[in-house]
Amino acid sequence: MTAPQLEIQAIAALVAAACALPGVFLVLRRMALISDAISHALLPGIVLAFFLVEDLTSPLLVVGAASTGLVTVLLVELLKRTELVREDAAIGLVFPVLFSIGVILITRFAGDVHLDVDAVLLGELAFAPFDRFVVAGYDVGPSALWLMSGILALNVTFIVLLYKELKLATFDAALATALGLSPALVHYGLMALVSVTAVGAFDAVGSILVVALMIAPPAAAYLLTDRLPVMLGLATLLGVGSALGGYWLAHWLDASIAGSMAGAAGIAFALAFLLAPERGLVSLARRRLRQRWEFAQGALAIHLMQHEGSPEAAEESRIEHLNRHLRWDPDFAARVVRGAQRRGLVARVDGSLALTDRGRAVARELVVR
Amino acid sequence: MSETPAIEVSDLTVAYGATPVLWDVDLTVPPGVLMAIVGPNGAGKTTLIKAILGLIRPAAGRVLVQGRPYDVQRRLVAYVPQRRTVDWDFPTSVLDVVTMGRYGALGWIRRPGRRDRRLALEALEQVGMTELAHRQISQLSGGQQQRVFLARALVQDASVYLMDEPFAGVDATTERAIVHLLRRLRETGRTVVVVHHDLQTVEEYFDWATLLNVRRIASGPVDEVFTEQNLRLTYGGRVAFLAEGRSAVVP
Amino acid sequence: MSIVRDLFTDHTLRTVALGAATLGIVAGALGSFAVLRRQSLLGDATSHAALPGIALAFLVSGSKAPLTLVLGAAVAGWIGTLLVMAVVRTTRVKYDSALGIVLSVFFGVGLVLLTIIQKRADAAQAGLDRFLFGQAASLLERDLITMAALGGIALAATVLLWKEFKLLTFDPDFGASLGFAVRRLDVLLTALLVIAIVVGLQTVGVVLMSAMVVAPGAAARQWTDRLGVMVVLAAAFGALAGVSGALVSSEASRMPTGPTIVLAAGVVVIVSLFLAPRRGLVWRWLADYRNRRRLGAGVALVDLYRLAEQHDTLRHAHEEAAIAATAGARVRHGLEELAERGWAERVDGDAWALTPAGRAEAERRLGGTG
Numbered sequence: 001m002t003a004p005q006l007e008i009q010a011i012a013a014l015v016a017a018a019c020a021l022p023g024v025f026l027v028l029r030r031m032a033l034i035s036d037a038i039s040h041a042l043l044p045g046i047v048l049a050f051f052l053v054e055d056l057t058s059p060l061l062v063v064g065a066a067s068t069g070l071v072t073v074l075l076v077e078l079l080k081r082t083e084l085v086r087e088d089a090a091i092g093l094v095f096p097v098l099f100s101i102g103v104i105l106i107t108r109f110a111g112d113v114h115l116d117v118d119a120v121l122l123g124e125l126a127f128a129p130f131d132r133f134v135v136a137g138y139d140v141g142p143s144a145l146w147l148m149s150g151i152l153a154l155n156v157t158f159i160v161l162l163y164k165e166l167k168l169a170t171f172d173a174a175l176a177t178a179l180g181l182s183p184a185l186v187h188y189g190l191m192a193l194v195s196v197t198a199v200g201a202f203d204a205v206g207s208i209l210v211v212a213l214m215i216a217p218p219a220a221a222y223l224l225t226d227r228l229p230v231m232l233g234l235a236t237l238l239g240v241g242s243a244l245g246g247y248w249l250a251h252w253l254d255a256s257i258a259g260s261m262a263g264a265a266g267i268a269f270a271l272a273f274l275l276a277p278e279r280g281l282v283s284l285a286r287r288r289l290r291q292r293w294e295f296a297q298g299a300l301a302i303h304l305m306q307h308e309g310s311p312e313a314a315e316e317s318r319i320e321h322l323n324r325h326l327r328w329d330p331d332f333a334a335r336v337v338r339g340a341q342r343r344g345l346v347a348r349v350d351g352s353l354a355l356t357d358r359g360r361a362v363a364r365e366l367v368v369r
Numbered sequence: 001m002s003e004t005p006a007i008e009v010s011d012l013t014v015a016y017g018a019t020p021v022l023w024d025v026d027l028t029v030p031p032g033v034l035m036a037i038v039g040p041n042g043a044g045k046t047t048l049i050k051a052i053l054g055l056i057r058p059a060a061g062r063v064l065v066q067g068r069p070y071d072v073q074r075r076l077v078a079y080v081p082q083r084r085t086v087d088w089d090f091p092t093s094v095l096d097v098v099t100m101g102r103y104g105a106l107g108w109i110r111r112p113g114r115r116d117r118r119l120a121l122e123a124l125e126q127v128g129m130t131e132l133a134h135r136q137i138s139q140l141s142g143g144q145q146q147r148v149f150l151a152r153a154l155v156q157d158a159s160v161y162l163m164d165e166p167f168a169g170v171d172a173t174t175e176r177a178i179v180h181l182l183r184r185l186r187e188t189g190r191t192v193v194v195v196h197h198d199l200q201t202v203e204e205y206f207d208w209a210t211l212l213n214v215r216r217i218a219s220g221p222v223d224e225v226f227t228e229q230n231l232r233l234t235y236g237g238r239v240a241f242l243a244e245g246r247s248a249v250v251p
Numbered sequence: 001m002s003i004v005r006d007l008f009t010d011h012t013l014r015t016v017a018l019g020a021a022t023l024g025i026v027a028g029a030l031g032s033f034a035v036l037r038r039q040s041l042l043g044d045a046t047s048h049a050a051l052p053g054i055a056l057a058f059l060v061s062g063s064k065a066p067l068t069l070v071l072g073a074a075v076a077g078w079i080g081t082l083l084v085m086a087v088v089r090t091t092r093v094k095y096d097s098a099l100g101i102v103l104s105v106f107f108g109v110g111l112v113l114l115t116i117i118q119k120r121a122d123a124a125q126a127g128l129d130r131f132l133f134g135q136a137a138s139l140l141e142r143d144l145i146t147m148a149a150l151g152g153i154a155l156a157a158t159v160l161l162w163k164e165f166k167l168l169t170f171d172p173d174f175g176a177s178l179g180f181a182v183r184r185l186d187v188l189l190t191a192l193l194v195i196a197i198v199v200g201l202q203t204v205g206v207v208l209m210s211a212m213v214v215a216p217g218a219a220a221r222q223w224t225d226r227l228g229v230m231v232v233l234a235a236a237f238g239a240l241a242g243v244s245g246a247l248v249s250s251e252a253s254r255m256p257t258g259p260t261i262v263l264a265a266g267v268v269v270i271v272s273l274f275l276a277p278r279r280g281l282v283w284r285w286l287a288d289y290r291n292r293r294r295l296g297a298g299v300a301l302v303d304l305y306r307l308a309e310q311h312d313t314l315r316h317a318h319e320e321a322a323i324a325a326t327a328g329a330r331v332r333h334g335l336e337e338l339a340e341r342g343w344a345e346r347v348d349g350d351a352w353a354l355t356p357a358g359r360a361e362a363e364r365r366l367g368g369t370g
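Chains as they are written, first to last, in the numbering used here: chain H, 1 to 369; chain B, 1 to 251; chain S, 1 to 370.
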């Protein structure tokens, strides 16, 4: 591996980690698409700030452009408050217009700006090692590496310091308000974090693919754990894994690095979606099947209990009756009865079914819940 | 009773995922009654109505409307969903919403015509909303919204009416209008099933009641089933009994 | 107006205008339903998801025939939409996250495929990247025919199933109770939305096409309270934005088509939000202002009367400041309103006094409340 390759991977990993952390809260707060809106709407901010400072990795540009992100959030909020359009439409109106302004600015002034439409969509990760950060004559590494380290450190600090507030505002905004922890402040803090991160990541992966790194790893982690700290860790790991995997995928295919990273993040989510131990499709299907039998056996027990001691008990407890009344086909009914017998819930008494004591207890428990 | 029941539910079990919402419910609604379904929140009242309408697939059990499956008896049944389930800012007029009650009779693709609009206007007259026929629906009060939904069901000219909380959040005038309407439906031989929340008014408004809490607790004429013991079974310990024997749910 | 003359004489310009009008009409009409069904952002996922479909269709067939590429786009967009629904239905991942993942991952895969295509050295590959931000100038007659045919099908289906789609959008449960297959209708309407999106991809591009689904519908909703009028208006707004944006972009140099069209649509939305009668913000502010002024007038009237009572003579004039002390700061508007109605008059400078008519009015109002 060459030094630039190592540097590119280090930057990619930092970007992925920095995106995954605020992404966790976006996914939990059902605001994933705000990241889409912010990352698009940053473009005019980046272009205008670039006219002023002419350096994509300058902290000034990051702050200037990130403020456009907050403006987007405010605009969506204002538009929603008019009650003329709903939130989804408000988001869908604001960011395409801002993004369009950005693209037009870039195209009109393409000669003066070292930004082009490709950079907007794909980022320039491959060129990142060429922009060196030089301190007092010493080359200390690529600027992007330092910038993303700074942003990652900011994100970690924010989340560590405000962990309690973030957690409470995410899961119980009303309680947070009651306790005097302003959810609005936490909200705008998070939005500022997302904006700053998106500006930093924009340079590496472009506007649209930022969304992949912010949402896909946290959503995959969400399928793998119930605990917030674990989810933060897993999302970071999956993000970094997608970034590195995506890099080598791009290397192998000789294709866009940013696109491959998004693809790898997609694969990570798809794997979690299919194979997550408890929430994946496969284990879900298995559990459904098992539940269906248990449920049917429970229904049988309750059915028998409902009619126990009533005049129609003899009629209702006949096996043929199950087919007609519970709308079960004969095979299914027979298998349910066999299963229930195996579990000792019912006993067969000449053509009729009778509840055992155990069956009665199970039925009662189910009914009381 | 030798007559075919208006609705016959047998052994109905419905589950959302692994959570049972209705367990083995049997229910017979004789024709021509005005029946309340009461029970605590989460008792499965709305689910029962939706299962009767075939909007939810039951895990087990069977529903018959006038002796035959719902699929073939659909035209005999009218449905009044909960008012808050729709978007009242939808760009349409009162008359247009009521005309939707005719869509079932029209079938696919055919458009409503003059006759359908006339029927819709007649239904609006029955709920006292003729003047508002051309209003946009977002300009209606809660009670007026409810009356629009009732008119839409009246247009269906059904023999069985299923109503989900028609009294929720309406003003006193509308409440009286609805009661009047329900009685008129019963007088013309219709069967009406109403999900109802206010235990105070069950005995006054209805002649038949079903007490539901995941299981069917009791069902029959109001004076037989609306007993302290049954209410206790339905609501657990949350029922306070007032001095004159009326009951109220204590939160 | 040379542009207008060129429209009738210049074949290319006419193709561009017709193409942009077609996409605007179809996206506006079907987008209205998406806006009402709160699916504004589904269009965003669908249009981004279409990119790998376009690239794959080209890689597999080696052809740039419009129908091939559009079919590829439609299939990929449709699969993306289904994936969103599948993820939401089966897992606890919410709608917004599912949309974000499908949108960005499909788009990323599309970019990977595009970079692979660009590296292949055959001449035929050129021009696929016009699907990113759209290029109206690249529209040919055969593109136009494809767009018009697909759009025509989508619009015809909407007209034919108008009543059913209205029912599905307003009250799906009630529709199901009437026996309409609402799930199938839902799938069909979503499919028509996918068609509306792919029709516009070549002109507007995958990145911004979603705006053409949302903006015309959101604008049209402000002007009317009838679904039929809304859909027709949205189609007209879509066509207006499409044609004006496409013409500006093909006349001016270095104006990308997609963003220009979206800006035009944005202007239509802003004008509608502010100026649409009744719902528009300007009208609402005016109504608020009038209400405040009327309330202020009522307070000032009673106040003048009370102050005058303390001074025996009802024609006693008072400084504005004295009235403001009891009636609050907004007294100036209220006093002006009183003057307009002839109930009070400015005596000199900042002093005001009731007229006889004002006195009668004040007594009437106070009498009413005791």
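These aren't lab readings, by the way, just hints derived from the structure by calculation. Don't take each hint at face value.
[Claimed, not checked] Coverage of chain S stretches by chain B, computed from C-beta distances (three or more under 8 Å per stretch; other residues unrestricted):
1. 49 to 59
2. 157 to 170
3. 236 to 250
[Unchecked claim] Ranges between beta-carbon positions, derived for each pair:
4. 323(H) <-> 67(S): 34 to 42 Å
5. 365(H) <-> 221(B): 50 to 58 Å
6. 361(H) <-> 171(B): 45 to 53 Å
7. 162(S) <-> 19(B): 44 to 52 Å
Remember, predicted model here, so these are calculated numbers, not experimental data. Idealized CB from N, CA, C, for every residue including glycine.
Checked hints:
1. Judged by the Cβ-Cβ criterion of 8 Å, the stretch 49 to 59 of chain S is not covered by chain B as claimed, because only 0 of its residues qualify and three are needed.
2. Look at the stretch 157 to 170 of chain S against chain B: 9 of its residues bring a Cβ nearer than 8 Å to a Cβ of that chain, three or more, so the hint holds.
3. For the stretch 236 to 250 of chain S, the stated coverage by chain B is not satisfied: 0 residues place a CB nearer than 8 Å to a CB of that chain, which falls below the threshold of 3.
4. For the pair residue 323(H) and residue 67(S), the supplied restraint of 34 to 42 Å is violated, since their beta-carbon distance comes to about 53 Å.
5. At about 32 Å, the CB distance of residue 365(H) to residue 221(B) disagrees with the hint of 50 to 58 Å.
6. For residue 361(H) and residue 171(B), the Cβ-Cβ distance of about 49 Å falls inside the hinted range of 45 to 53 Å, so the restraint holds.
7. Separation of residue 162(S) from residue 19(B) is about 39 Å and departs from the stated range, judged on CB atoms against 44 to 52 Å.
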